[in-house]
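Enquirer: The primary structure of each chain is shown beneath.
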Amino acid sequence: MEESLISQGLSLMVFGMGFVFVFLTLLVGVTMLMSKLVVKFEPVAVASPKKVRKNIAPAVAAKDDELVAVITAAVHKYRS
Amino acid sequence: MDKLLDLWQASGIYNLQPGQFVMLLVGLLLLYLAINKKFEPLLLVPIGFGGILANIPEAGLAFSAVENALHFAQPEILSNLSAALGISSTEVHAISEAYHTANATDHQAAVLAAQDGGYNNGMLYNFYSVAIASGAAPLIIFMGVGAMTDFGPLLANPKTLFLGAAAQFGIFATVLGAVGLTALGVMDFSIQDAAAIGIIGGAGGPTAIYVASLLSPHLLGAIAVAAYSYMALVPLIQPPIMRALTTEAERKITMVQLRQVSKIEKILFPVVLLLLVALLLPDAAPLLGMFCFGNLLRECGVVDRLSDTAQNALINIVTIFLGLSVGSKLSADKFLDLTTLGILVLGIIAFCIGTAMGVLMAKLMNKLEGGNSINPLIGSAGVSAVPMAARGSNKLGLGAKPQNFLLMHAMGPNVAGVIGSAGAAGGLIKFVG
Numbered sequence: 001m002e003e004s005l006i007s008q009g010l011s012l013m014v015f016g017m018g019f020v021f022v023f024l025t026l027l028v029g030v031t032m033l034m035s036k037l038v039v040k041f042e043p044v045a046v047a048s049p050k051k052v053r054k055n056i057a058p059a060v061a062a063k064d065d066e067l068v069a070v071i072t073a074a075v076h077k078y079r080s
Numbered sequence: 001m002d003k004l005l006d007l008w009q010a011s012g013i014y015n016l017q018p019g020q021f022v023m024l025l026v027g028l029l030l031l032y033l034a035i036n037k038k039f040e041p042l043l044l045v046p047i048g049f050g051g052i053l054a055n056i057p058e059a060g061l062a063f064s065a066v067e068n069a070l071h072f073a074q075p076e077i078l079s080n081l082s083a084a085l086g087i088s089s090t091e092v093h094a095i096s097e098a099y100h101t102a103n104a105t106d107h108q109a110a111v112l113a114a115q116d117g118g119y120n121n122g123m124l125y126n127f128y129s130v131a132i133a134s135g136a137a138p139l140i141i142f143m144g145v146g147a148m149t150d151f152g153p154l155l156a157n158p159k160t161l162f163l164g165a166a167a168q169f170g171i172f173a174t175v176l177g178a179v180g181l182t183a184l185g186v187m188d189f190s191i192q193d194a195a196a197i198g199i200i201g202g203a204g205g206p207t208a209i210y211v212a213s214l215l216s217p218h219l220l221g222a223i224a225v226a227a228y229s230y231m232a233l234v235p236l237i238q239p240p241i242m243r244a245l246t247t248e249a250e251r252k253i254t255m256v257q258l259r260q261v262s263k264i265e266k267i268l269f270p271v272v273l274l275l276l277v278a279l280l281l282p283d284a285a286p287l288l289g290m291f292c293f294g295n296l297l298r299e300c301g302v303v304d305r306l307s308d309t310a311q312n313a314l315i316n317i318v319t320i321f322l323g324l325s326v327g328s329k330l331s332a333d334k335f336l337d338l339t340t341l342g343i344l345v346l347g348i349i350a351f352c353i354g355t356a357m358g359v360l361m362a363k364l365m366n367k368l369e370g371g372n373s374i375n376p377l378i379g380s381a382g383v384s385a386v387p388m389a390a391r392g393s394n395k396l397g398l399g400a401k402p403q404n405f406l407l408m409h410a411m412g413p414n415v416a417g418v419i420g421s422a423g424a425a426g427g428l429i430k431f432v433g
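Chains A and B, in that order, give the protein sequences. The opening residue of the first sequence carries number 1 in this note's numbering; numbering runs sequentially from there. The opening residue of the second sequence carries number 1 in this note's numbering; numbering runs sequentially from there.
The set of hints was computed from the structure by calculation and includes no laboratory data. In this text, a Cβ means the ideal position worked out from N, Cα and C, and glycines have one as well. Each hint should be verified, as a subset may be incorrect.
[Claimed, not checked] Below, a list of computed lysine to aspartate or glutamate pairs in the EDC-like style, where the Cα atoms sit at most 16 Å apart: (1) K266/B x E42/A; (2) K367/B x E250/B; (3) K263/B x E66/A; (4) K363/B x E248/B.
[Claimed, not checked] Derived, one-sided and incomplete: chain A residues facing chain B with beta-carbon distance under 8 Å: (5) L10; (6) L12; (7) M13; (8) G16; (9) M17; (10) F19; (11) V20; (12) F21; (13) L27; (14) S35; (15) V38; (16) E42; (17) L67; (18) V68; (19) A69.
Assemble the whole structure, with the sequences as input and the hints as a guide.
Expert: Take a look at the structure:
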């Protein structure tokens, strides 16, 4: 009985530890593959939103300038 | 005068047994450690208080209806109970034994007989059945942990998963230690008990409670207290081992900054992990399934309300009931026992071996990669205690060389440890459950 308990413990250690390593090794492989695929198909996913925002901001500012100029002109005309 | 005598005989002092008194002191000690020493207060306050409630004499808060009926031992109820269980003896011990070994039908009949006699389940017993016996609370906490986990550092450097795997060696070494003690005749653990004790080395509180509730519920109180105490002691236990196993030069290694991880990778990772679990290890599916679900809630970005609930309100509610339920298992007859001492000793050994293996694995990986790219200090974070273990690595790194920030590098193995210990738990349940 006691012998078998020890051997049960030993086999649990070998199989359990082996299993954890196999599982995590596979996970490493699958994760790397996934990252490669993602980077391949979506190379600039992180960088793009910033650019768009930068383009929008000056445009709005330019329009504002125009608007201010028009209003100033109108006010001048009205006053004169 | 008779009334006064009745009052005295119904009082707690009259009925207090020595074991209960000691357990009340243990409960107070846990409260002291939690409040004054800040040892995992979120859990040890409920556990300590639950332990005190469970040991109030005559209140029977931690007992089922039948156990309460047996405690008061009124003759007609005892005969009803023995009839329900189909035995002839009306002696308390015989009924208790029959009740614990009865099949579901007789069990139900006994419960109904006790309730007819006016006895009900204690409050803590109800909490325990709902939160732990059903397996719900540890799994909901795991979902919350998933919702709090950022897999970014792990995705940036997937090889750190090996560190999380190596640190699980502590679990299995301790299983071997526990069966060894049994073989030597020092303790008396079954292989299930040994597996449940070993999982303390995974340093994940909910994982330990989940495995113990499945494999050996009678050791749950001691295992949960040991697991959470050692998580609190991470900053004391790990650094000496880490210093002993690394050289000054190794501790000074600066690691290159991690790459940026895209949002799509973070969304895909929990799904990939879940598929792998589904294909390889269905026994780990409850733990890792809830973990992945919580993480997907966090990363997908369209259910922020659910993610917020999972990592704040819900996990707090469940923690309260989990703590009280664990406390209800701190009864004198189960806790005041040589076994508890054995569990505490084996638990800390498990923890130390896990830490050492993580560091040694990191050293090996460093050697294989040219000797100057992986700081072995991050290996100790492979035991799952998030984020205490990673903070410990960071602190030692800064101590060896200012500006040597290892925190983000250590978070990789740290969350890998959570995955690894859940995988190991699934393996243990599969092999001995």
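Enquirer: Work down the list of hints and note, for each, if the structure agrees.
Expert: Quick rundown of the hints versus the structure:
1. In summary, the hint linking K266/B to E42/A is supported, as the alpha carbons are separated by about 13 Å, within the 16 Å threshold.
2. A hinted pair counts as satisfied when its Cα atoms are at most 16 Å apart, and K367/B with E250/B qualifies at roughly 11 Å.
3. Using a Cα cut-off of 16 Å, the hinted pair K263/B and E66/A is violated, with the two alpha carbons roughly 39 Å apart.
4. Between the alpha carbons of K363/B and E248/B the distance comes to roughly 13 Å, so the proposed pair stays at or under 16 Å and holds.
5. For L10/A, the shortest C-beta to C-beta distance to chain B is roughly 7 Å, which falls under 8 Å, so the interface hint holds.
6. For L12/A, the interface hint holds, since its Cβ comes within 8 Å of a Cβ in chain B; the closest pair sits about 6 Å apart.
7. Annotation: interface hint on M13/A holds; nearest CB of chain B at approximately 4 Å, less than 8 Å.
8. Below 8 Å, beta-carbon pairs count as interface contacts, and G16/A has one with chain B at about 4 Å; its hint therefore holds.
9. Satisfaction of the interface hint for M17/A is found here, the shortest Cβ-Cβ separation to chain B being roughly 5 Å, below the 8 Å cut-off.
10. Restraint check, F19/A versus chain B: the minimum CB separation of about 5 Å is within 8 Å; hint holds.
11. For V20/A, the interface hint holds, the least distance from its beta-carbon to any beta-carbon of chain B being 5 Å, beneath 8 Å.
12. Here the hint on F21/A is kept, as its CB sits about 5 Å from the closest CB of chain B, short of 8 Å.
13. The interface hint given for L27/A is met, as the beta carbon of that residue sits about 6 Å from the closest beta carbon of chain B, less than 8 Å.
14. For the restraint placing S35/A at the interface with chain B, the shortest Cβ-Cβ distance is roughly 6 Å, inside the 8 Å limit, so the hint holds.
15. The criterion of a C-beta within 8 Å of any C-beta in chain B is met by V38/A, whose closest approach is roughly 5 Å, and the hint holds.
16. The beta carbon of E42/A is positioned within 8 Å of a beta carbon in chain B (closest approach about 6 Å), and the interface hint is therefore held.
17. Because the smallest distance between the Cβ of L67/A and any Cβ of chain B comes to about 36 Å, over 8 Å, the interface hint for this residue is violated.
18. The interface hint given for V68/A is violated, since its Cβ lies 38 Å from the closest Cβ of chain B, which is over the 8 Å cut-off.
19. The closest approach between the C-beta of A69/A and any C-beta of chain B is roughly 41 Å, which is over the 8 Å cut-off, so the hint fails.
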